[in-house]
Amino acid sequence: MSAHTVGAQPAVATTPRADARPPLRGQRTAWLFIAPFAFFYLCFLLGPSVYMFVASFFDASIVKNGLGNFIGLENYSTLVQSRDFWSSMWHTLQFTLYTVPPLVILSFVFAVLANRMPRGQTFWRLAFFTPFILPSAAISLIWVFIFTADTGLWATAQKWLGSDAPTPVLGTPSLAMVGIAIATIWWTIGFNFILYLAGLQDIPRELYEAAAIDGATPWQQIRHLTIPMLSRTTTLVLLLQIIASLKIFDQVYLMTSGGPGTSTETALVFITKVGFTDYRLGAAAAASFMLFVVIVVFAVIRQVAERAQQKGA
Amino acid sequence: MATTDATGSQARNRRNGVSAAAPAARPSRVATNGGKAFNRITAVVLVVFAVIWLLPSLWAIKTSFTSNAVSALGTQAILEDVNPTLASYSALLGGGDLWNWYLASFITSTLSALLVVVFASMAAFAISRMRFRGRNVVFVLMLAGIMVPADVLIIPIFQMLNTVGLLNTYWAVIFPQVSSVIALFVFKQFFDGLPKELEEAARLDGASNWRIYRSVVMPLSRPVLSAMAIVTFVGVWNNLILPLFVLSNPDLMTIPVGLATVQGSFGQRFSDIQASTILGALPLVILFLIFQRRIVEGVAGTGLKG
Chain A
1 MSAHTVGAQP AVATTPRADA RPPLRGQRTA WLFIAPFAFF YLCFLLGPSV
51 YMFVASFFDA SIVKNGLGNF IGLENYSTLV QSRDFWSSMW HTLQFTLYTV
101 PPLVILSFVF AVLANRMPRG QTFWRLAFFT PFILPSAAIS LIWVFIFTAD
151 TGLWATAQKW LGSDAPTPVL GTPSLAMVGI AIATIWWTIG FNFILYLAGL
201 QDIPRELYEA AAIDGATPWQ QIRHLTIPML SRTTTLVLLL QIIASLKIFD
251 QVYLMTSGGP GTSTETALVF ITKVGFTDYR LGAAAAASFM LFVVIVVFAV
301 IRQVAERAQQ KGA
Chain B
1001 MATTDATGSQ ARNRRNGVSA AAPAARPSRV ATNGGKAFNR ITAVVLVVFA
1051 VIWLLPSLWA IKTSFTSNAV SALGTQAILE DVNPTLASYS ALLGGGDLWN
1101 WYLASFITST LSALLVVVFA SMAAFAISRM RFRGRNVVFV LMLAGIMVPA
1151 DVLIIPIFQM LNTVGLLNTY WAVIFPQVSS VIALFVFKQF FDGLPKELEE
1201 AARLDGASNW RIYRSVVMPL SRPVLSAMAI VTFVGVWNNL ILPLFVLSNP
1251 DLMTIPVGLA TVQGSFGQRF SDIQASTILG ALPLVILFLI FQRRIVEGVA
1301 GTGLKG
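If you read the sequences in order, they're chains A and B. Position one of the first sequence corresponds to residue 1 (my numbering), numbered consecutively onward. Position one of the second sequence corresponds to residue 1001 (my numbering), numbered consecutively onward.
One or more hints might be untrue.
[Said to hold, decoys possible] Lysine-lysine pairs mimicking DSBU-like chemistry, simulated, CA-CA at most 35 Å apart: (1) A:Lys159 with B:Lys1062; (2) A:Lys247 with A:Lys273; (3) A:Lys311 with A:Lys247; (4) A:Lys311 with B:Lys1196; (5) A:Lys247 with B:Lys1062.
The set of hints was computed from the structure by calculation and includes no laboratory data.
Chain A extracted, bound-state conformation (with noise of 0.2 Å):
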């Protein structure tokens, strides 16, 4: 874009504040070493989004070359009316819900408690943090094996608890859902233990000793000193954690597919289902940019709030 326009004018860059400046031959070679990058992000971050923006205001499919005919507003007022969008986002919603508070509550309590151990350190991080460098294709295998009706050890275990008869997890509508937030909370908690530990780090250890000094209990510590201290972390991890929630795709194609039915089917299930099996690009576009833009709203926000706590700091 401006790549362009700017490199290929240099000869203007004569200013009143010259001196600031380098000489033009610097102009030039700042574009040479921005060029390379920006060809990437051009043609694959922002091209994608704008031509995605334009794309669903026509009736383009896969079958055919280009964008197809403008149809105006059609395949957003299609959508809104269609059930299988809302139930898409509903599951997103869903998962969501389930994932998240266990994820920053219990990566939150981990931490702390892990930061209170004398020994052990690389011990905690390899239990919490391994499953979250894994393939999620590895992790849907394991945690479908273990959900396997009837014999898997999910299964298993709740017999042993004295059910005799236990639900199918992932084969159950009502509980597909549940299933697939559980391996997820396995899956990503290290991540978030990760920052909160970073975060630990960070609170001066004389505020504890104050904190001791006064009498208080490891109780009233932990609730008055480290959860305060820590809201900054909480923050972060809070919103990173929804906006990975929105985008939920993974697990949900390798556990279930979006079923049972379409019980689990989450927003970005469904766009790839209209685009690459009903061949409905234009409305897979629609489909993404509403997505898209409830996604950037969360970031806007988490970028906010960044810049506010780096003043407030």
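Following the hints, position chain B against chain A.
Leaving out everything else, chain B in the frame of chain A:
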């Protein structure tokens, strides 16, 4: 992260009774006031959770070492099995699929990491160190790019790759992941923090921008370069949605896409499935054990979230 080192030295300090003598920034360790019982409960709770967290992986490992016939019978049979076998592993490693997946994942992850580190650091160097017209526009675009959820762009990216005929090539997996704005941002932050004096000395000696980038800034940036390379490598290695839709040729499948087909093709052969899981995850586990600090640091520093 210097967690372990710092806590170690602190414990030593405390033993010597000099802990208060060095008030400089150091990890907080909770004062042990009124807390013997509390600390014991802490330890028990943490151990219980750690065991719960290790259980699924251990279960997968155990299953992968039983035979398909036994694992098909269910949990009880797997638990009682005392004849570990490498049958699933030798079957998988003897076949060609797994090696193809490894190759595809290795090529795409390595090339992406390389391109990200080179291109993003170059651009970050210009943004951080050079004054030029349009710099503000670049800066705004960079901040905007951080907020763009790349996964949601799968439909237009697919169309774009289709138009230029790159579908079913490794490039279709590599190129879209080169535009890592987060890496650019991390590099810029790092370069901003480097002292200007070194660069100015080089400039007085007549060094060009390229020379300063190559010979002054890059050598100073090794930690951040390797952290970003590893984070990118792991991210590309684990990416499912992009290769899933832009590669349909089984010979080009990456590990996540290959693993996604395992459930369907292996059916009830649970040992084979879990052995695939272990083998698919193994390279990253090894990488993690070697580069634990870098990965943890990189992940914590970038806020990259799967």
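Okay, the hints, checked on the actual structure:
1. A:Lys159 with B:Lys1062: holds, 21 Å
2. A:Lys247 with A:Lys273: holds, 15 Å
3. A:Lys311 with A:Lys247: With a Cα-Cα distance of about 30 Å, the restraint between Lys311 (chain A) and Lys247 (chain A) holds, given a limit of 35 Å.
4. A:Lys311 with B:Lys1196: It holds: about 25 Å lies between the C-alpha atoms, which stays within 35 Å.
5. A:Lys247 with B:Lys1062: holds, 33 Å
Checked against the numbered hints above, the structure violates none of them.
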